[in-house]
Amino acid sequence: MPKLYGKPVANGLRTDHPTPGLPFVDDSHIPVEDGEAIEAVGRNKGDGMWGREDDCSTYGGTGWIAFTTDPSRHDLG
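The letter at position 49 of the sequence shown is residue 49 when you use the numbering used here, and the numbering goes up by one with no holes.
What the hints contain is simulated information worked out from the structure, not anything from laboratory work. Remember, predicted model here, so these are calculated numbers, not experimental data. Take the hints with a grain of salt, since some may be wrong.
Just the calculated beta-carbon pair ranges, DEER-fashion [said to hold, decoys possible]:
id, residue 1, residue 2, range
1, Leu22, Gly63, 18 to 26 Å
2, Asp47, Asp16, 30 to 38 Å
3, Pro8, Pro71, 13 to 21 Å
4, Pro31, Asp75, 19 to 27 Å
Each residue gets a CB set at the ideal place from its N, CA and C atoms; glycine is no exception.
All chains should be built: construct the whole structure from the sequences, respecting the hints.
Structural data, given as structure tokens:
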């Protein structure tokens with residue numbers, strides 16, 4: 001698993017593995033079924049925006065993990 005340089009601040013409404021104790025936010029505008037599309041939401045889109053998608057097989061797992069900045073709330077990533 002990649003080393004994460006932040007910590008989760010919220011669960012998406014569509015998550016299947018919620019982190020206990022975190023609030024839920026509406027993630028309906030983010031394409032959660034496609035890691036590359038999640039990355040593209042924020043990657044190179046402007047100041048304070050970022051995105052990343054990793055293949056978990058590199059770390060001994062399966063599937064993918066992706067992160068992005070929420071375009072309407074930069075405090076959520």
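Legend entry - Numbers of unmet hints, in rising order: none
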